[in-house]
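Student: For chain A, the structure is supplied; the task is to place chain B on it using the hints.
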Amino acid sequence: MIISILLGFMIFSYAGYGLYRHIQQSKKGKCAACSLKQACDQKCEILNKK
Amino acid sequence: MELALLGNPNTGKTSLFNHLTGSYEYVGNWNGVTVEKKIGTFKNKKAILVDLPGVYSLTPISEEEAVVTNYLLQGKMNRIVNIIDASQLKRNLLLTIQLLEYGKPVIFALNMIDVAKRKGKVIDHQLLATYLGANTIAISARKGDGCEELSRASIGQQSNGEHSLFIHYGEIIENAIEKMSVMLQGKTSLSSRWLTIQLLDGNTTIFQFLSNVLSKQEVETFIHQVTLECEKIAKKPEQIIYLKRREVVNQIVQKVEVVADKKQIPISEKIDYLVTNKYLGFPIFIAFMYLLFMLTFDWIGTPLSDRLDYLISDLLTEGVTNLLTSLQVTSFIRSLVIDGIIAGVGGVLVFIPQIFILFFCISFLEDSGYMSRVALVMDKWLENVGLNGKAFIPMIIGFGCNVPGVMAARTIETKKERLLTILLLPLMSCSARFPVYALFIGAFFGKNGALIVLSLYVLSIVMALLLAKLFSSTILKGEKSIFLIELPPYRLPSLKVLWKSTWDKGKGFLKKAGTFIFAGSVLIWLLTYLGPEGLNVEMDQSFMAVIGSVMAPVLAPLGFGTWEAGASLLTGFLAKEAIISAMNIIYAVPDTRSLQHLMGEVYTPLASYSFMVFILLYIPCLATLATIYKETGSKKWSAFSVGYALILAYILSFIIYQLGKWIGLN
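Protein chains in written order, with the working numbering: chain A, 1 to 50; chain B, 1 to 666.
Extracted from the complex, chain A is given alone in its bound form:
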């Protein structure tokens, strides 16, 4: 039972955090929401200047 509670707690906490983070990041739009942000050499701050 303890393992079940522990697992449930971990899964729901991680899922809650993941959901919250995804929505926050998506809402920010632009680079924060971009799947290429790690690889993009144009970088958000540079684009923001334009």
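It cannot be assumed that every hint is accurate.
So the derived list for chain B, only partly shown, Cβ under 8 Å to chain A, looks like this [unchecked claim]:
id: 1; residue: V329
id: 2; residue: L336
id: 3; residue: T515
id: 4; residue: F516
id: 5; residue: T627
id: 6; residue: K630
I should point out that these hints are in silico values taken from the structure, not numbers from a laboratory. Glycine residues also receive a C-beta, built at the ideal position from the N, C-alpha and C atoms.
Tutor: Relative to the frame of chain A, chain B by itself:
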């Protein structure tokens, strides 16, 4: 010591930058990969190198070109490294002259000698060095040949540039230079010769600079006087400057370039003749796309996906079930892990091979130089609908993910065309929609899968064109811009670059599976586990069913009026991949094969096609919507992008399903 790296677009500047500094920046076979300046340190740490955007001239047309003039005006750098494309010597030297006039020591990196050789041109780089009056080193920026020598020469002792090429522009311009030198005395450390020539050449950034140093009126009077002088010989100042430069460049090129066989047409031009042909260009593009989908669905992707499906559904599920049993966890947790997480995340992960192959092929087409040709082919079509070829580049990027596509629309000059491109971008089928196609293709279309997916991509492009025409002639009238694109040389992309590009695009997808899809799967499972009646209810009695049922009647005329379809479509707003997770969980199947089998009972092939079309068009995901809002700064246009997409998807799916039914396809 600071060095600036300058040259025409697509001459290999970023590759050279990487070799000299040891950094690894993205190298593209597109124009304008370097949008703003980048700074790196030489490998021996003795100097820093500033990589600037590629420009044809210092007279700015777009904002990225103004970056270069603004940087030169700061005058911080000690030397300039000018990279020259040996295969395009005439055009490259026009910029070189302007850099020499700047007055700081310049060192020349002569790149792409091999490309020039293939075009039948042999360049005597020693003679070129003599004419330019500066050190000229032959390099291969891609392979790194000559970069060591260039690095040593760049940092080592060098002349101060006083013996470099000097152009006498004729009496009028030379007198003007002298006059300006007197006016500027003690007011700036920059070369007054360079400033005057740039000013008379129409460089607006220099005009602003000089207006600050002197006064706007003084500068305008100066230009006016010189223009009047020039009119006496029926020319404008910029014409005199250009003609003189061209004359000098022609003389130099004549001496240093030996053309082996003028009649021989380079292979690159032969290919271009075919792929950019008025009639053949578009069919060739479609053929490439078809090949791409055949690779993805038929030849490589699906067999790999099937194996992955077996690994996840059989081995992983079995292993985890055994582990959970041995840990004696409750049935709630067991169901959460097996029916929620593994079904939801695994359902998306099995399509990873297809996604990676798609990205690999797109990277290949981009890096080989072909995509620039596609933009050129599409230019004619786009021009007819109020856009131009430039808009197609963000759209191609949108095939990977709509968010960077929307951002790439910034390169479009006019406001109207930019807005139009942004609004139409969500119609481009991003890779997150791919798993949905893969699922239905596997269930219904088998060997014709590639053709079906191709039809969806073509449909998205056709719809974008039709709507562009509609919007540009009704709500978005405005000025047009011209489309200029340099066709980069064809090259066989190196595996290393291809892999990096594919991995960069694909890892976002993997990461999302581990974070959001995981979280979404837990939420979806919870909504199927809970219901108004309590815990562990029947699927049809769950909250998910309640939510989906609201949508079902509306979707019925489209051929998929079930609560399951309605509920999974709702999750797609957060991320399109979530649709697949939701279906896996809702239909409670152990693996993708079973889900495909079940789909065969729930949907008809016609309904499944209608469903795919609906998913292709129905709504931008939250991230794309937020990016549209940030980029347009308008709630009205953001809402419009959702509204028109929903209406379009509904009408099109309705027509496809009802028409198909009518002609007996159901």
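Student: Let me make sure I understand: some of the numbered hints might not hold for this structure. Which ones are they, in numerical order?
Tutor: Of the numbered hints given earlier, the structure breaks none, since each of them holds.
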